[in-house]
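**Q** Each chain is listed here by its residues.
2 protein chains.
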Amino acid sequence: MHHLRAWQAIPGVQIVALANRTRSRAEALAREFAVDDSRVYEDYRLLLTQERLDFVDIATAPQIHREQVLAAAEHGVHVLCQKPVATSLDMAREMIQACEVAKVRFVVNENWRWRRWYRELKARLDAGEIGTPRYARFSMHNDGVLPVAGGASPELLTRQAYTAQMPKLIVYEWGIHLVDVMRYLFGDVERVYARMSRISPLVHGEDMALVVLEFRSAVTGVIDISWGSYIPNEKRLVRGNLDPFIVEGDQGTLELDPYQDDSVILTTADHTERWSAHLAQSPAEEYQESYTQTHRHFIQCLRSGEPAENEARDNLQTFAVTLAAYASAEQRRVIAVEELYRDC
Amino acid sequence: MHHLRAWQAIPGVQIVALANRTRSRAEALAREFAVDDSRVYEDYRLLLTQERLDFVDIATAPQIHREQVLAAAEHGVHVLCQKPVATSLDMAREMIQACEVAKVRFVVNENWRWRRWYRELKARLDAGEIGTPRYARFSMHNDGVLPVAGGASPELLTRQAYTAQMPKLIVYEWGIHLVDVMRYLFGDVERVYARMSRISPLVHGEDMALVVLEFRSAVTGVIDISWGSYIPNEKRLVRGNLDPFIVEGDQGTLELDPYQDDSVILTTADHTERWSAHLAQSPAEEYQESYTQTHRHFIQCLRSGEPAENEARDNLQTFAVTLAAYASAEQRRVIAVEELYRDC
Numbered sequence: 000m001h002h003l004r005a006w007q008a009i010p011g012v013q014i015v016a017l018a019n020r021t022r023s024r025a026e027a028l029a030r031e032f033a034v035d036d037s038r039v040y041e042d043y044r045l046l047l048t049q050e051r052l053d054f055v056d057i058a059t060a061p062q063i064h065r066e067q068v069l070a071a072a073e074h075g076v077h078v079l080c081q082k083p084v085a086t087s088l089d090m091a092r093e094m095i096q097a098c099e100v101a102k103v104r105f106v107v108n109e110n111w112r113w114r115r116w117y118r119e120l121k122a123r124l125d126a127g128e129i130g131t132p133r134y135a136r137f138s139m140h141n142d143g144v145l146p147v148a149g150g151a152s153p154e155l156l157t158r159q160a161y162t163a164q165m166p167k168l169i170v171y172e173w174g175i176h177l178v179d180v181m182r183y184l185f186g187d188v189e190r191v192y193a194r195m196s197r198i199s200p201l202v203h204g205e206d207m208a209l210v211v212l213e214f215r216s217a218v219t220g221v222i223d224i225s226w227g228s229y230i231p232n233e234k235r236l237v238r239g240n241l242d243p244f245i246v247e248g249d250q251g252t253l254e255l256d257p258y259q260d261d262s263v264i265l266t267t268a269d270h271t272e273r274w275s276a277h278l279a280q281s282p283a284e285e286y287q288e289s290y291t292q293t294h295r296h297f298i299q300c301l302r303s304g305e306p307a308e309n310e311a312r313d314n315l316q317t318f319a320v321t322l323a324a325y326a327s328a329e330q331r332r333v334i335a336v337e338e339l340y341r342d343c
Numbered sequence: 000m001h002h003l004r005a006w007q008a009i010p011g012v013q014i015v016a017l018a019n020r021t022r023s024r025a026e027a028l029a030r031e032f033a034v035d036d037s038r039v040y041e042d043y044r045l046l047l048t049q050e051r052l053d054f055v056d057i058a059t060a061p062q063i064h065r066e067q068v069l070a071a072a073e074h075g076v077h078v079l080c081q082k083p084v085a086t087s088l089d090m091a092r093e094m095i096q097a098c099e100v101a102k103v104r105f106v107v108n109e110n111w112r113w114r115r116w117y118r119e120l121k122a123r124l125d126a127g128e129i130g131t132p133r134y135a136r137f138s139m140h141n142d143g144v145l146p147v148a149g150g151a152s153p154e155l156l157t158r159q160a161y162t163a164q165m166p167k168l169i170v171y172e173w174g175i176h177l178v179d180v181m182r183y184l185f186g187d188v189e190r191v192y193a194r195m196s197r198i199s200p201l202v203h204g205e206d207m208a209l210v211v212l213e214f215r216s217a218v219t220g221v222i223d224i225s226w227g228s229y230i231p232n233e234k235r236l237v238r239g240n241l242d243p244f245i246v247e248g249d250q251g252t253l254e255l256d257p258y259q260d261d262s263v264i265l266t267t268a269d270h271t272e273r274w275s276a277h278l279a280q281s282p283a284e285e286y287q288e289s290y291t292q293t294h295r296h297f298i299q300c301l302r303s304g305e306p307a308e309n310e311a312r313d314n315l316q317t318f319a320v321t322l323a324a325y326a327s328a329e330q331r332r333v334i335a336v337e338e339l340y341r342d343c
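As given, the protein sequences belong to chains A and B, one line each in that order.
Under numbering that gives the first Met the number 0, the first residue of the first sequence is numbered 0, with each subsequent residue one higher.
Under numbering that gives the first Met the number 0, the first residue of the second sequence is numbered 0, with each subsequent residue one higher.
Keep in mind that a hint or two might mislead.
Here are some chain A residues pointing at chain B (derived, C-beta under 7 Å) [as the list claims (entries may be wrong)]:
| hint | residue |
| --- | --- |
| 1 | Arg51 |
| 2 | Ile198 |
| 3 | Tyr229 |
Listed below are several chain A residues computed to face chain B (Cβ distance under 8 Å; list not exhaustive) [stated by the list, open to error]:
| hint | residue |
| --- | --- |
| 4 | Arg123 |
| 5 | Leu124 |
| 6 | Arg133 |
| 7 | Gly186 |
| 8 | Arg190 |
| 9 | Met207 |
| 10 | Ser228 |
| 11 | Glu247 |
| 12 | Gly251 |
| 13 | Thr252 |
| 14 | Thr266 |
| 15 | Asp269 |
| 16 | Thr271 |
| 17 | Glu285 |
| 18 | Arg331 |
| 19 | Arg332 |
Think of the hints as simulated: they come from the structure by calculation, not from any bench.
All C-beta atoms in this analysis are idealised placements derived from N, C-alpha and C, irrespective of residue type, glycine included.
I would like the entire structure built from these sequences, with the hints used as guidance.
**A** Spelled out as structure tokens, the structure:
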């Protein structure tokens, strides 16, 4: 839905066809987004054969991205593909190569770095307002996948049922956004340390992870996330118990406070300043806008031929860092990201 | 002062003599604590020679603990010694051995594990109220050693001037309390990962540290502390920007909230419960009480002959974990605590 609404908002883009294995689902979307019924498909291959497209937007589960991206490349159609792009680095590389050979663009739909407050933060960092950054922390612990009283399915597992079966869960599915945001803010990650565990009996993968990113720029980035933590009701209601995102430098601190009108708070040696990052948008509007910005960037890059920020070849590093976290947790040691490149 | 007040509060204990290199300081304390002027010393060796003592309480800087502990042992006097006991593991071992040979008790004055809320937490954990613990986080970032506007010395460096010169700072001087608290709650630490940095030009040692403790019990313990972070004024005023201490288990979460009357908050699958941990004490009274409890335990153990919780031989593990954090930050890898024992 976020995707389709974003396409609707961009001048010159037309949603011409839809595919979904569940026809009724595709038909409902077709009605909502004014797509002719004759252009609704159960089989995406048929869609690729019968339609003349400029690009496809692949918004499916990670394990079927490969076949869909390769099929799009075969048909000479540009690709915007949901994160994570693949289930292994080798697979991601194969997809990138296929698109390069077919001369189609391959861009990853990674919307978080386009969220307004991270753009704001990046501008302030680039302006040197806190000097040289050295520490950043994103932290959120909630009960997203814990059993719900009465036996109902937790909301996340209802909305994206496939997540229950994922062997890699919270970092692969969600933490990857935060890895990408931190790469956007602080550059290349050199080494990764992680600890993971699972509490919920409803999922296969880890529901808690502490990931520490050692950046080449010497920033320490902490991603401390959980969907398997018991929290008081009132914390659950407020943005899922999201803690303020903090970036500390040698001359000041920037903080994003999600509880005070999405304030950005800048503190230096001699003053503290606050302003709202979202310009009177609601949280839902803000989140939708991050997709619209991501898609707009994709269209601009298709038109200009310029590389996208989230070109698959660049996003491969976000993916490698994510996989390095799993390697670290499993091997109980710090993993140099380049080890993963070497091993492939 | 905390020490002397604690001794005063324990029946059967009498403060008979005081030594301080600055005589006026010792004299002022002597007046306040009713010690005869003739029993005030500049030289602690003279005190040991001239007085008949049951024990000494060594509350000096770490680098002079060794000579003072060895001198007390020579005189056959039991020792309660301020943490950290030494500047290296070898030195700590030498001191332990000297006390064992001299048949005097050697106990470390580590008061944090006697703070009322950690005792409360331990009781709840032992009662199984959150099942098996798996994650704990202590976090506090403030500007404790950053330059103060107008050029005044920051409060910490005024109160304990020697800290400015310490080559190891926030973990060695303060984080060690949190390591000990976590050992008290979760048992033996197997491995340690840490990142450290320094911002303040007023100190030599690190003023920021992220330390991750991997417990044998599979708990991940996070100690995320800084004295070199710019924070808004209003956060500085509230307990130095201390975050709630969180312990998560497979059946619930315990949280100590320092901003709501020192509440303990217990959340399980079906309910949330709150109560105050400090029984109407002020924060200052609570902190003083932690010393009184530490000292009372020491006296009880002297009388009974039972080992103390904070016997130097046991506290050596807290010290080893602390040094492992420095080794990890320096060598950029996870350090097994036993490596430090092997290397000595």
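**Q** Next, verify each hint and record whether it holds.
**A** These are the hints, each one checked on the structure:
1. Arg51: The hint is violated - Arg51/A has no Cβ within 7 Å of chain B, the shortest such distance being about 53 Å.
2. Ile198: holds, 5 Å
3. Tyr229: holds, 4 Å
4. Arg123: violated, 14 Å
5. Leu124: violated, 14 Å
6. Arg133: Arg133/A check passes; min Cβ-Cβ to chain B is 5 Å, inside 8 Å.
7. Gly186: violated, 17 Å
8. Arg190: Interface hint status for Arg190/A: holds (7 Å vs cutoff 8 Å).
9. Met207: Cβ of Met207/A sits 6 Å from chain B, so the hint holds.
10. Ser228: holds, 5 Å
11. Glu247: holds, 5 Å
12. Gly251: With a minimum Cβ separation of about 5 Å from chain B (threshold 8 Å), the hint on Gly251/A holds.
13. Thr252: holds, 4 Å
14. Thr266: holds, 5 Å
15. Asp269: With a minimum Cβ separation of about 6 Å from chain B (threshold 8 Å), the hint on Asp269/A holds.
16. Thr271: Holds. Min distance 4 Å.
17. Glu285: violated, 24 Å
18. Arg331: holds, 6 Å
19. Arg332: This interface hint holds because 5 Å falls under the 8 Å limit.
Comparing the model with each earlier hint shows violations of hints 1, 4, 5, 7, 17; every other hint is respected.
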